[in-house]
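Asks: Residue numbers (our numbering), protein chains in the order written: chain A, 3 to 244; chain B, 3 to 244.
Read the hints as simulated data drawn from the structure, not as lab findings.
Remember, predicted model here, so these are calculated numbers, not experimental data.
Hints are supplied without guarantee of correctness; some may be wrong.
Identical chains share a label here; the pair holds if one copy fits it or two copies do between them.
Straight line, CA to CA, 25 Å or less: simulated SDA-like cross-link-like pairs of lysine to any residue [to be verified]:
1. Lys33 to Lys202
2. Lys243 to Val64
3. Lys215 to Gln111
4. Lys220 to Pro97
5. Lys220 to Asn100
6. Lys144 to Asp164
7. Lys73 to Gly165
8. Lys243 to Asp63
9. Lys18 to Gln213
10. Lys73 to Ser226
11. Lys241 to Ala186
12. Lys33 to Glu206
13. Lys90 to Gly25
14. Lys220 to Ile39
15. Lys102 to Asn82
16. Lys144 to Gly71
2 protein chains.
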Amino acid sequence: MLSRNEAKYIQSLGHKKNRDNEGCFVAEGVKVVDELIQSGFAIRKIYALKKWAADNSDIKDVIEVDEAGLKRISNFETPNKVIAVFEKKKLRQSPDFNNKITLVLDGIQDPGNLGTIIRTADWFGIENIIASPDTADIYNAKVVQSTMGSIARVNMIYTDLDGFLYSNKIPVYGAMLDGEAVSAIKKTEECFVIIGNEGKGIRENIQPYIQKKISIPKIGNAESLNAAVATGIILYSLKIKI
Amino acid sequence: MLSRNEAKYIQSLGHKKNRDNEGCFVAEGVKVVDELIQSGFAIRKIYALKKWAADNSDIKDVIEVDEAGLKRISNFETPNKVIAVFEKKKLRQSPDFNNKITLVLDGIQDPGNLGTIIRTADWFGIENIIASPDTADIYNAKVVQSTMGSIARVNMIYTDLDGFLYSNKIPVYGAMLDGEAVSAIKKTEECFVIIGNEGKGIRENIQPYIQKKISIPKIGNAESLNAAVATGIILYSLKIKI
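Build the full structure now, drawing on both the sequences and the hints.
Replies: Next up, the structure:
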């Protein structure tokens, strides 16, 4: 049974401030919860339908709820079979950026876009993502959902990009509309790739750090590409292209 | 002023059945409404804040509403300055597929994904998209929103894929997890590219039409890529790669 206080507590984790204070976050759905358990996220509490609880009887801290209970605490219109509260992971604050491609996100504000970017980065073996403080929170329920488990494998660091880029000296590429065609750029093993805000692009105070502006060639008439699609094409082009 | 009947009517267009019966659809937001007007969609009625109406005084059929009125008819949590009812476009039912890359969507059900795919197709100059009947409706409000105006330029045809692929004889590529690396495939000017459902992939009865399975090489650990990101990478690779 789900107490009223528990329901309130879980709903309160919809706000970043409360997630930060409590050091935990909410994940929904069989696939995502499974992946986070597998990758070692510490479980605070799990709320699940009878069937899920029976299938996962080795897991402690499971509270059986009915569908109405699940609906009360879900962030989604169609709640899934299980909702879990996990402890946030301690992020590595000073990873090594040498011989790696690292994504730098400047104000990606749509949670779905951020989640899809994290999932795409994971596909291409990106270990670290640096994000400006106004980028969506990785522990937002919609971000967690759309990463499809990749949140467990990509290290995300929120920091002031100006200071960060000033003190890290590897090549900096910036995705812009007026850059060199990414298809004409050589494969690389070491760089920062900056992806800007969905509407406004890369902030002016960050642009001086860019050594190479890169663009995705356009054939048709769309004004811009979705930020996650652009990220996918750029990572593919820099890491895979023959 | 917005009458109660008008508000009801606009809300009713949230359902595909009503959009089909009425031959019209709803678009929200300054950018999307502007693009649809520019590209010649016939306006049935526009509901806008005073400022938008003043800035667009050359446009007929504008009804001034206040923010509360706009909120009543909006499909989104934060309604924009303008909501318009447009007539659907007559789609070209028998376009020419020779010397072109055409996208074929098999059950893309997420409206945001479909909108982003249409926008990406427009970026790469794709003229036609063929979609299975269970693909999300192009006139769904979230699809219209996430196409960012590209709905005006891409011709979308809903049809039975089995019959369609049987009667059109150009090369068929299918995006699958076990295909040949798309980076190893030559640029092409003429093919169908099938993109499958977000979770289930391409239906079994469609798979026999595939002449070449294509995949996006994976370096990391994500289980799959978002359908719109995958579409972007494949179109980039087939159309642009040097």
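Asks: Is it within, between, both or neither when you check Lys243 against Val64 at 25 Å Cα-Cα?
Replies: neither (46 Å within a copy, 50 Å between copies)
Asks: At most 25 Å between CA atoms: does that hold for Lys102 and Asn82 within a copy, between copies, both, or neither?
Replies: Answer is neither: 37 Å inside a copy and 41 Å across each miss the 25 Å cutoff.
Asks: Evaluate Lys215 and Gln111 at a C-alpha cut-off of 25 Å and name the case that applies: within, between, both or neither.
Replies: within (22 Å within a copy, 35 Å between copies)
Asks: Check Lys33 against Lys202 for me: Cα-Cα at most 25 Å, and say if that holds within a copy, between copies, both or neither.
Replies: between (34 Å within a copy, 14 Å between copies)
Asks: From the Cα coordinates, with 25 Å as the cut-off, is the pair Lys73 and Gly165 best called within, between, both, or neither?
Replies: neither (43 Å within a copy, 41 Å between copies)
Asks: Taking 25 Å as the upper bound on the Cα-Cα distance, should Lys144 and Gly71 be classified as within, between, both, or neither?
Replies: within (20 Å within a copy, 29 Å between copies)
Asks: Cα distance capped at 25 Å. Does Lys18 pair with Gln213 within a copy, between copies, both, or neither?
Replies: neither (34 Å within a copy, 49 Å between copies)
Asks: Go through the copies and call it for Lys144 and Asp164: within, between, both or neither, with a Cα cutoff of 25 Å.
Replies: neither (28 Å within a copy, 35 Å between copies)
Asks: Regarding Lys241 and Ala186, is the shortest C-alpha distance of 25 Å or less found within a copy, between copies, in both, or in neither?
Replies: both (13 Å within a copy, 14 Å between copies)
Asks: When Cα atoms must be at most 25 Å apart, do Lys243 and Asp63 count as within-copy, between-copy, both, or neither?
Replies: neither (47 Å within a copy, 51 Å between copies)
Asks: Measure nothing new, just compare the shortest in-copy and cross-copy C-alpha distances for Lys33 and Glu206 to 25 Å and report within, between, both or neither.
Replies: For Lys33 and Glu206, the Cα distance is within 25 Å only across copies (23 Å; inside one copy 40 Å).
Asks: For Lys220 vs Ile39, is the C-alpha pair at or below 25 Å within one copy, between two copies, both, or neither?
Replies: between (42 Å within a copy, 23 Å between copies)
Hint check: violations occur at hints 2, 6, 7, 8, 9, 10 and 15; the rest are consistent with the structure.
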